[in-house]
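2 protein chains.
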Amino acid sequence: MLSLYSQNLENAVNEIAKLPGVGKRTALRLALHLIKTEPEDVQLLTDRISKLKTDICSCKVCYNISDHEICDICANPKRDAAVICVVQDIRDVIAIENTSQFNGLYHVLGGVISPMEGVGIRQLRLQELFDRVGKGDVKELILALPATVEGDTTNFFIYKNVKDKVPLVTTIARGIGVGEELEYADEVTLGRSLVARLDFDKAYNKNTK
Amino acid sequence: MLSLYSQNLENAVNEIAKLPGVGKRTALRLALHLIKTEPEDVQLLTDRISKLKTDICSCKVCYNISDHEICDICANPKRDAAVICVVQDIRDVIAIENTSQFNGLYHVLGGVISPMEGVGIRQLRLQELFDRVGKGDVKELILALPATVEGDTTNFFIYKNVKDKVPLVTTIARGIGVGEELEYADEVTLGRSLVARLDFDKAYNKNTK
Numbered sequence: 218m219l220s221l222y223s224q225n226l227e228n229a230v231n232e233i234a235k236l237p238g239v240g241k242r243t244a245l246r247l248a249l250h251l252i253k254t255e256p257e258d259v260q261l262l263t264d265r266i267s268k269l270k271t272d273i274c275s276c277k278v279c280y281n282i283s284d285h286e287i288c289d290i291c292a293n294p295k296r297d298a299a300v301i302c303v304v305q306d307i308r309d310v311i312a313i314e315n316t317s318q319f320n321g322l323y324h325v326l327g328g329v330i331s332p333m334e335g336v337g338i339r340q341l342r343l344q345e346l347f348d349r350v351g352k353g354d355v356k357e358l359i360l361a362l363p364a365t366v367e368g369d370t371t372n373f374f375i376y377k378n379v380k381d382k383v384p385l386v387t388t389i390a391r392g393i394g395v396g397e398e399l400e401y402a403d404e405v406t407l408g409r410s411l412v413a414r415l416d417f418d419k420a421y422n423k424n425t426k
Numbered sequence: 218m219l220s221l222y223s224q225n226l227e228n229a230v231n232e233i234a235k236l237p238g239v240g241k242r243t244a245l246r247l248a249l250h251l252i253k254t255e256p257e258d259v260q261l262l263t264d265r266i267s268k269l270k271t272d273i274c275s276c277k278v279c280y281n282i283s284d285h286e287i288c289d290i291c292a293n294p295k296r297d298a299a300v301i302c303v304v305q306d307i308r309d310v311i312a313i314e315n316t317s318q319f320n321g322l323y324h325v326l327g328g329v330i331s332p333m334e335g336v337g338i339r340q341l342r343l344q345e346l347f348d349r350v351g352k353g354d355v356k357e358l359i360l361a362l363p364a365t366v367e368g369d370t371t372n373f374f375i376y377k378n379v380k381d382k383v384p385l386v387t388t389i390a391r392g393i394g395v396g397e398e399l400e401y402a403d404e405v406t407l408g409r410s411l412v413a414r415l416d417f418d419k420a421y422n423k424n425t426k
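Protein chains in written order, with this note's numbering: chain A, 218 to 426; chain B, 218 to 426.
One chain only, chain A, in its complex shape:
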């Protein structure tokens, strides 16, 4: 342990080092930087961090984070409420939004079924998803969960529960990443990308047709 000769510095370093991916040395570097920063800027940082807890809530419809009861995506009348994309996490919403390829709504599960990590059906927002879908307005449910055993398990569980309520259940394509070399792809991915091969014309001219 570093000895720091200032209890206030040591306290700050200990708290900053609790952040994920931040070790004691990085925490010390950040704390020393903050000591040299203008008081107004430090004030701004701490205010904005506090507001993460006080002014952000979970959207009542999709469980995305939001500044209001209903998030901007769910409240947007231009978005297609008949298509719901199921994701694990808020980060996935951000990632998909940044592709600009999706115009429906989301449902943030809050994780995937993982008995190893103690995440069961009740810890996730699965019942909320089934209730949402049960209203009968949803035309397509897109499963965009991680391509892991846990993700697949969750996919199957959702599919089993919604298949009678939704006309179309899809899952995002697995395959070789754009810009990726075939020789470095694992054989399962490569195998699946062969099985799920696409009509050339459709794959390359999707956006123009």
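Among these hints, one or two may not hold up.
Just so you know, same-sequence chains aren't split out, so a pair can sit in one copy or run between any two.
27 angstroms max Cα-Cα, derived DSSO-like pairs, lysine-lysine [what the hints assert, rightly or not]:
#1 K253 / K268
#2 K419 / K270
#3 K277 / K352
#4 K380 / K253
Don't read these hints as lab results, they were simulated from the structure.
Just so you know, these numbers come straight off a predicted model, no measurement behind them.
Position chain B against the provided structure of chain A, taking the given hints into account.
Below, chain B alone, put in the same frame as chain A:
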């Protein structure tokens, strides 16, 4: 730029991303972590960060950071006030303290002379050092500045100004790092370590004599 669909989240991410070495993606990861953290823990983090500005000052003697007017090192009667080690930065104080090989006091310059970066003599605590040394109680001044052109320039400037006031001015040894292979050392360091070669007996039995 990531679009985040929450002004509060975006504000927090922007502030966190101003920290050194923290990009937008890391800032987002930290902010999402904080959203999930218990309110008391976030409160503790922001309080401790605020205290860095309100409750930490600069030691009036050595300019190390301190919770009091005089820092714990300067206030410690067991430390040898006749030996002063000149360092660039608070981090160097912490690094030297962690070696447990030094029992004197420090003088934190706040940088080194670097015209390229606009750091001149007046931006550093050089006059304060000369005043401290001028009182005549200092027996040895150890220069522990970085082994760069700027560090060397500052070393020479200090030496010129204190040589008549201090019986002994030393500088920390330059040489091959412990555990380092000779073939990977640059030739200047290797050359200096040959010129400044040590009596074997002294080098290996220093602590026992």
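Taking the hints in turn, this is what the structure says about them:
Taking the shortest alpha-carbon separations for K253 and K268, both the intra-copy value of 24 angstroms and the inter-copy value of 13 angstroms come in at or below 27 angstroms. Proximity of K419 to K270 under the C-alpha cut-off of 27 angstroms is found in neither arrangement, the shortest distances being 46 angstroms within a copy and 60 angstroms between copies. Taking identical chains as interchangeable, the C-alpha atoms of K277 and K352 lie at most 27 angstroms apart only when both belong to the same chain, with a minimum of 16 angstroms there against 71 angstroms between chains. For the identical chains of this complex, K380 and K253 are neighbours neither inside a copy (59 angstroms) nor across copies (32 angstroms), given an alpha-carbon limit of 27 angstroms.
When held up to the earlier numbered hints, the structure conflicts with 2, 4 and fits the remainder.
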